[in-house]
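Work out the full structure, taking the sequences as your base and the hints as a guide.
Protein chains in written order, with the numbering used here: chain S, 1 to 224; chain Z, 1 to 256.
Do not take every clue at face value.
Said to hold, decoys possible - Residues from chain Z that face chain S, not an exhaustive set, calculated with beta carbons under 7 Å: (1) M25; (2) Q29; (3) S31; (4) P35; (5) G78; (6) R79; (7) G100; (8) T102; (9) A110; (10) T111; (11) A202; (12) D214; (13) G219; (14) N220; (15) A226; (16) N244.
I should point out that these hints are in silico values taken from the structure, not numbers from a laboratory. C-beta atoms are modelled at their ideal positions from N, C-alpha and C, and glycine is treated no differently.
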Amino acid sequence: MASKSGIFNSSIGRKVAMALSALFLIIFLLQHFSINVTSTFSEELFNELSHFMGTNPLVQFALQPILIFGVVFHFIMGFVLEARNRKARAVKYVKTAGNANSTWMSRNMIWSGLVILAFLGLHFYDFWIPEMNYKYIQFNPADPNRYYEELLHKFEDPIRVFLYVISFVLLSLHLLHGFQSAFQSLGARHKKYTPVIKKLGNIYAIIIPAGFVFIALFHYINSL
Amino acid sequence: MSTAKGLDLTLKVWRQKNQNDKGRMETYQVSDISPDSSFLEMMDILNEQLIEEGKEPVAFDHDCREGICGSCSMFINGRAHGPGKRVTTCQLHMRQFEDGDTIHIEPWRATAFPVIKDLVVDRSSFDRVMAAGGFISVNTSGNTQDANAIPVEKEDADNSFAAATCIGCGACVASCKNASAMLFVSAKVSQFALLPQGQVEAQDRVLNMVHQMDLEGFGNCTNTGACEAECPKGISLENIARMNREYLSAGITSEK
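In structure tokens:
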């Protein structure tokens with residue numbers, strides 16, 4: 001009986017958990033983008049939104065921990081599934097023709113995911129760790145106007161901008177498979193709605209990463 | 001009779017004495033193969049050649065040679081049942097290949113499908129998944145209700161029948177990068193889940209079959225769609241989504 005070990009210890013349970021955390025991260029990414037994009041047209045609005053996100057106790061002490069859990073969970077579960085799936089084919093084929101039956105994106109989620117993980121390391125080093133240090137270790141007084149300046153400094157370095165762009169290309173590839181795959185894992189498949197979900201997923205997977213690339217390039221070019 | 005020129009081919013075939021042997025690819029030449037012969041007939045010619053040379057013929061599964069039994073397997077040039085859509089190896093014809101081609105022939109690769117010999121794998125894991133719930137319990141005492149007396153929506157009947165066309169060949173497992181059996185199991189779950197007769201045991205069925213599938217060591221589905229693309233019977237991913245729904249609702253509501 002599956003119920004003896006619980007549904008989340010089963011193959012389907014794990015993919016459902018993977019899909020739910022993915023959908024949560026997809027929503028988060030949209031919110032993150034919405035705030036960042038304001039930096040390209042309004043310094044004031046960007047500072048105001050960033051200050052709100054950085055000081056609101058609900059965001060800081062409820063939503064932020066949930067987000068960190070979601071990110072960590074998605075990565076760890078991704079590694080667990082990859083390890084189990086590799087074990088399911090202990091002896092590899094000599095010759096495979098994956099392109100004949102599936103997309104590159106769908107077969108390489110672990111690699112696009114690892115690039116995104118490496119990017120998150122850089123991103124935490126750039127923003128999250130200095131932010132935590134600023135607020136909760138050094139106890140600096142709140143400065144509602146510092147965010148925009150901090151952002152600009154990060155995008156002066158062409159190597160960092162290049163790494164950001166590469167990461168967002170991989171994120172786009174990850175989402176091109178992941179968005180619609182999450183719905184399939186949840187069993188949400190319907191003759192009428194699935195084609196719409198697939199189109200929406202493709203639009204999201206291209207527009208959002210392209211938007212982040214635009215923001216990075218926008219500030220870099222302005223810094224020249 | 002075709003007058004097309006015979007094909008000269010180089011075959012790289014997986015040879016493995018038994019489950020304990022490590023196995024290796026070996027190279028053979030066959031010549032003047034008729035483009036109209038089936039892939040299995042080409043293998044028969046290779047085997048006759050090997051026997052004449054005093055060598056061990058290549059072991060491979062086959063039975064009906066009509067594309068309906070699910071016996072034949074073979075991973076040909078990196079694809080289950082070789083090139084082409086909706087085809088079993090017995091229905092694959094040599095006209096799909098060019099003169100001078102090198103063809104790689106391997107067994108299904110999955111931890112849950114151990115190699116018995118050469119290209120023959122043990123697919124009894126599928127049987128055990130079926131035994132865990134791939135049936136309906138019907139009283140055969142003599143007063144069984146006529147199935148036609150129970151109304152079934154046409155679309156459900158069609159979808160159930162489409163799921164039931166699965167021949168259990170294992171191409172889905174062989175094609176999946178994760179060696180997942182979800183297309184097979186979901187077809188078997190769906191064929192019953194769509195009909196009134198399957199409702200009585202629906203919850204236990206999906207829970208038990210998925211549990212057995214996991215025990216056998218098949219991988220997890222990551223929705224690449226390779227199974228559907230390579231399935232000789234065109235079993236749809238729709239079935240996997242249905243199984244996911246059935247499993248989730250059974251997992252949450254079943255009291256067992």
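Here's how the hints hold up against the structure:
no. : hint : verdict
1   : M25  : 6 Å, holds
2   : Q29  : 18 Å, violated
3   : S31  : 22 Å, violated
4   : P35  : 21 Å, violated
5   : G78  : 3 Å, holds
6   : R79  : 5 Å, holds
7   : G100 : 17 Å, violated
8   : T102 : 10 Å, violated
9   : A110 : 6 Å, holds
10  : T111 : 5 Å, holds
11  : A202 : 14 Å, violated
12  : D214 : 5 Å, holds
13  : G219 : 3 Å, holds
14  : N220 : 5 Å, holds
15  : A226 : 4 Å, holds
16  : N244 : 4 Å, holds
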